[in-house]
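K.L.:
Below are the chains, spelled out letter by letter.
2 protein chains.
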Amino acid sequence: MSGRRAFLRNAAVTTAAAALTRVSPADAAPLAIPESNTVLGAGVNDTPYGSVSTFEHDVVRRTVPFLTAEDKSSVSFTPLQDLDGIITPSGLCFVRDHGGSAMSIDPAKHRLVIHGLVERSLEFTMNDLLRFPTESHVYFMECGANGGMDYKGAQMQGVQFTHGMLHCCEWTGVKLSVLLNEAGVSPQAKWMLAEGADAAAMTRSVPIEKVLDDAMLAWSQNGERLRPENGYPLRLILPGWQANLNVKWLRRLKFGRDPWETREETSKYTESLPNGKARQFDWVMGTKSVITGPCPEKPMAGRGFREVTGLAWSGYGKITRVDVSFDGGVNWKPARLQNPIFTKALTRFRIPWEWNGKQALLQSRAVDDRGHVQPTHAQLLAARGGNAIYNKNSIQTWRVNPNGTVDSVQVG
Amino acid sequence: MSGRRAFLRNAAVTTAAAALTRVSPADAAPLAIPESNTVLGAGVNDTPYGSVSTFEHDVVRRTVPFLTAEDKSSVSFTPLQDLDGIITPSGLCFVRDHGGSAMSIDPAKHRLVIHGLVERSLEFTMNDLLRFPTESHVYFMECGANGGMDYKGAQMQGVQFTHGMLHCCEWTGVKLSVLLNEAGVSPQAKWMLAEGADAAAMTRSVPIEKVLDDAMLAWSQNGERLRPENGYPLRLILPGWQANLNVKWLRRLKFGRDPWETREETSKYTESLPNGKARQFDWVMGTKSVITGPCPEKPMAGRGFREVTGLAWSGYGKITRVDVSFDGGVNWKPARLQNPIFTKALTRFRIPWEWNGKQALLQSRAVDDRGHVQPTHAQLLAARGGNAIYNKNSIQTWRVNPNGTVDSVQVG
Numbered sequence: 001m002s003g004r005r006a007f008l009r010n011a012a013v014t015t016a017a018a019a020l021t022r023v024s025p026a027d028a029a030p031l032a033i034p035e036s037n038t039v040l041g042a043g044v045n046d047t048p049y050g051s052v053s054t055f056e057h058d059v060v061r062r063t064v065p066f067l068t069a070e071d072k073s074s075v076s077f078t079p080l081q082d083l084d085g086i087i088t089p090s091g092l093c094f095v096r097d098h099g100g101s102a103m104s105i106d107p108a109k110h111r112l113v114i115h116g117l118v119e120r121s122l123e124f125t126m127n128d129l130l131r132f133p134t135e136s137h138v139y140f141m142e143c144g145a146n147g148g149m150d151y152k153g154a155q156m157q158g159v160q161f162t163h164g165m166l167h168c169c170e171w172t173g174v175k176l177s178v179l180l181n182e183a184g185v186s187p188q189a190k191w192m193l194a195e196g197a198d199a200a201a202m203t204r205s206v207p208i209e210k211v212l213d214d215a216m217l218a219w220s221q222n223g224e225r226l227r228p229e230n231g232y233p234l235r236l237i238l239p240g241w242q243a244n245l246n247v248k249w250l251r252r253l254k255f256g257r258d259p260w261e262t263r264e265e266t267s268k269y270t271e272s273l274p275n276g277k278a279r280q281f282d283w284v285m286g287t288k289s290v291i292t293g294p295c296p297e298k299p300m301a302g303r304g305f306r307e308v309t310g311l312a313w314s315g316y317g318k319i320t321r322v323d324v325s326f327d328g329g330v331n332w333k334p335a336r337l338q339n340p341i342f343t344k345a346l347t348r349f350r351i352p353w354e355w356n357g358k359q360a361l362l363q364s365r366a367v368d369d370r371g372h373v374q375p376t377h378a379q380l381l382a383a384r385g386g387n388a389i390y391n392k393n394s395i396q397t398w399r400v401n402p403n404g405t406v407d408s409v410q411v412g
Numbered sequence: 001m002s003g004r005r006a007f008l009r010n011a012a013v014t015t016a017a018a019a020l021t022r023v024s025p026a027d028a029a030p031l032a033i034p035e036s037n038t039v040l041g042a043g044v045n046d047t048p049y050g051s052v053s054t055f056e057h058d059v060v061r062r063t064v065p066f067l068t069a070e071d072k073s074s075v076s077f078t079p080l081q082d083l084d085g086i087i088t089p090s091g092l093c094f095v096r097d098h099g100g101s102a103m104s105i106d107p108a109k110h111r112l113v114i115h116g117l118v119e120r121s122l123e124f125t126m127n128d129l130l131r132f133p134t135e136s137h138v139y140f141m142e143c144g145a146n147g148g149m150d151y152k153g154a155q156m157q158g159v160q161f162t163h164g165m166l167h168c169c170e171w172t173g174v175k176l177s178v179l180l181n182e183a184g185v186s187p188q189a190k191w192m193l194a195e196g197a198d199a200a201a202m203t204r205s206v207p208i209e210k211v212l213d214d215a216m217l218a219w220s221q222n223g224e225r226l227r228p229e230n231g232y233p234l235r236l237i238l239p240g241w242q243a244n245l246n247v248k249w250l251r252r253l254k255f256g257r258d259p260w261e262t263r264e265e266t267s268k269y270t271e272s273l274p275n276g277k278a279r280q281f282d283w284v285m286g287t288k289s290v291i292t293g294p295c296p297e298k299p300m301a302g303r304g305f306r307e308v309t310g311l312a313w314s315g316y317g318k319i320t321r322v323d324v325s326f327d328g329g330v331n332w333k334p335a336r337l338q339n340p341i342f343t344k345a346l347t348r349f350r351i352p353w354e355w356n357g358k359q360a361l362l363q364s365r366a367v368d369d370r371g372h373v374q375p376t377h378a379q380l381l382a383a384r385g386g387n388a389i390y391n392k393n394s395i396q397t398w399r400v401n402p403n404g405t406v407d408s409v410q411v412g
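Note that the protein sequences, when read in sequence, are chains D and G. For the first sequence, the working numbering assigns the number 412 to the last residue and increments by one with no breaks. For the second sequence, the working numbering assigns the number 412 to the last residue and increments by one with no breaks.
None of these hints come from the bench; they were simulated from the model. Ideal Cβ positions, reconstructed from N, Cα and C, are used throughout, including at glycine. Hints should not be assumed to be uniformly reliable.
As the list claims (entries may be wrong) - Some, not all, of what chain D presents toward chain G, calculated at C-beta under 10 angstroms:
no., residue
1, 92
2, 171
3, 244
4, 309
5, 320
Stated by the list, open to error - Calculated cross-link-like contacts (lysine to aspartate or glutamate; reagent style EDC-like; alpha-carbon spacing at most 20 angstroms):
no., chain 1, residue 1, chain 2, residue 2
6, G, 109, D, 258
7, G, 298, G, 58
8, D, 109, G, 56
9, D, 210, D, 150
Said to hold, decoys possible - Here are a few chain D residues that face chain G, going by a calculated C-beta distance under 10 angstroms:
no., residue
10, 37
11, 54
12, 63
13, 132
14, 169
15, 195
16, 228
17, 336
18, 339
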């Protein structure tokens, strides 16, 4: 604290403060009275459910038109450049659908079935589930294809598109292991099939170890019920794993001996390696970070002081360290990690920067509590080969140009 | 963990599970295919900013028509009965205005002035503020009048109205002490005046100790910019203190030797004590808790197992313990506190309950890390007298009736 104060006295007073407009001395007249001080505002009956300011209407999920032929099997990206803290507002959480978002599921009619290799097949209404012991956890959710468009070089200009298949919410629901105590899973069951109630009947196989570890069935997201496009009324949560396995609109869990080799784990989310083999069941999202300010959408406001900030996460556990480079990876400085730091959740990092107005190459590199270090792009490509699409967790480089604009470039 | 498993085997299997509909044995046919599995859903371009399911449209802020003559100086209440976890969705955060919500403040035109007993008067644009070192914290916010309608007995039937002038958000902004390093507050300055840009020019005096402790200026709430009715584009945050001091639409901070004795700290938020004196500047919200499920709005679904859940908070620090009674305060059991437990934030508690179908009197009692214990209503009344309106933190009693309905009653 005294260190930061000293920093502020030495740096910010001569930089940030120097950029400020001074008003007249100590007994200064206050500002001219703004119009809002002179007219009655809205009544509380006008806003039973609030929405954002009209001045924030460009803070929205965005899509990439060329990415898919049809927007019912496409993705919208979270505007990471506009967000603070670690919680993603529910209305801005990226959406990836395989048959469109099921927007109209009636929770009174929705059912969850547990069957297959269990002692007792069970059917639950939503009200049944709500009686069980409940937990809340903050977890990130990332699409396996996040960043995939940039595997062959820096093609997407903007953090919303390079990293925006990512969100982080407070989820509330029941641990799956609690329900399975009721059903009695057979010792022979090694896999669980999860199926959604959407048009794609989105279906994935999950190994029993993950099911019994930290899997949960969530009905709430950031305090209120799930948003329709995020799986209302029930979603499987597999913390730290590829988002597509976190099956939305969950209606069925079947237990069996082997994986089901469904469409979404054979034709998708599987990829060819350099040696000709296929990498399948690559579930855990790697240790990763990105600077969200500055970024292409948020250029530099001018020389001098600004705080550089970003997000770090790991599907393996907690973030323990983030280093930032301003010269393309030659020199590194540790960033300050903001509390709270949760396992398998976004962690916010911050680091002060005094910009001299010259070109700079900004990078961030995350480390997690298993010792994983975020790789360079060259390291990742060497492991994955040229056909890679999924699980791109390599270091992102932003080039800050002398005019303050910011570009995505490939370095290292 | 093994304790809970054992509990579940003993209790839930014979209760919650007994209430479930069983489907046919291990190789059961899955459920009938729901319509959502057969029709394409919405495309991602349909939801640039998502909203809640149409089935959740009764989860809204509500008002009490008789409370004020006019809804521009009234309050809307948070639907605590519908919320999970500890984060309140921004659209559901209670609103209390003194001259209506200023809905249209242009952040490009908004200014913050710091003046009075300072070395350098300063004027900041929002973009100036955004360059400073930034922090995020989860804090609750509670109106000083929360529960005030029930001082003379249990009049309000529903947790939304007994306790709903309460929310909890992740706030992001700059510590006020950081800005004051730039301005150089005079050692003679013992008080700060904070003024809003709304029609009420909402104005409160804050002692310098709080200003230099944990006060912050926030521009973000739950990851995105403040909602208009919660103070967009800038709000003073005084963690744990009466919400009205957390001035919305903040435009001016003046430093001086004495409090300003503004309207909102003389005619309001001050009250008569039994001895004829007035209690003024009673800022800190006391140690408090309430059961949010069951409650009048969420009656019992039937006999047998259900989890009882609620919220606890203290303006003094962290919640360390919550006890729950099912017999009106005769016997108490410790509830499970859900992580994370932040200072001056809502803490979620949970406790299992096997309901025998008879009348029960549910209470919760919070303890914080300063040793404060939530008082009974009789204890509070003895201290505050019959004219009390503000800072009601006494124990709430819910009477569960044999038919499962729940009433608010006065016990203890």
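K.L.:
Against this structure, judge whether each hint is valid.
P.N.:
Against the structure, the hints come out as follows:
Nearest Cβ of chain G to the Cβ of residue 92 of chain D: about 7 angstroms, under the 10 angstroms cut. The hint holds. For residue 171 of chain D, the interface hint holds, since its Cβ comes within 10 angstroms of a Cβ in chain G; the closest pair sits about 8 angstroms apart. For residue 244 of chain D, the suggested interface contact is broken, since its CB lies about 15 angstroms from the closest CB of chain G, more than 10 angstroms. Contact between residue 309 of chain D and chain G, as hinted, is supported at the beta carbon level, the nearest pair being about 7 angstroms apart and thus within 10 angstroms.
Annotation: interface hint on residue 320 of chain D violated; nearest CB of chain G at approximately 18 angstroms, more than 10 angstroms. As the CA atoms of residue 109 of chain G and residue 258 of chain D are separated by approximately 62 angstroms, the hinted pair breaks the 20 angstroms bound. Only pairs whose Cα atoms come within 20 angstroms are accepted, and residue 298 of chain G paired with residue 58 of chain G is accepted, the gap being roughly 13 angstroms. Restraint check: the Cα-Cα separation between residue 109 of chain D and residue 56 of chain G comes to about 14 angstroms, which is no more than 20 angstroms; the hinted pair holds.
Restraint check: the Cα-Cα separation between residue 210 of chain D and residue 150 of chain D comes to about 30 angstroms, which exceeds 20 angstroms; the hinted pair is violated. At its closest, the beta carbon of residue 37 of chain D sits 5 angstroms from a beta carbon of chain G; the interface hint therefore holds under the 10 angstroms criterion. For residue 54 of chain D, the interface hint holds, since its Cβ comes within 10 angstroms of a Cβ in chain G; the closest pair sits about 7 angstroms apart. The criterion of a C-beta within 10 angstroms of any C-beta in chain G is met by residue 63 of chain D, whose closest approach is roughly 6 angstroms, and the hint holds.
Interface hint at residue 132 of chain D: satisfied, since its Cβ lies 6 angstroms from the closest Cβ of chain G, which is below the 10 angstroms cut-off. Evaluation of the residue 169 of chain D hint against chain G yields a held restraint, the C-beta minimum of about 9 angstroms falling below 10 angstroms. Taking 10 angstroms as the C-beta cut-off, the interface hint given for residue 195 of chain D holds, the closest approach to chain G being about 8 angstroms. The restraint placing residue 228 of chain D at the interface with chain G holds, with a minimum CB-CB distance near 5 angstroms, inside the 10 angstroms limit.
Proximity of residue 336 of chain D to chain G holds as hinted, the smallest CB-CB distance being about 9 angstroms (cut-off 10 angstroms). Below 10 angstroms, beta-carbon pairs count as interface contacts, and residue 339 of chain D has one with chain G at about 9 angstroms; its hint therefore holds.
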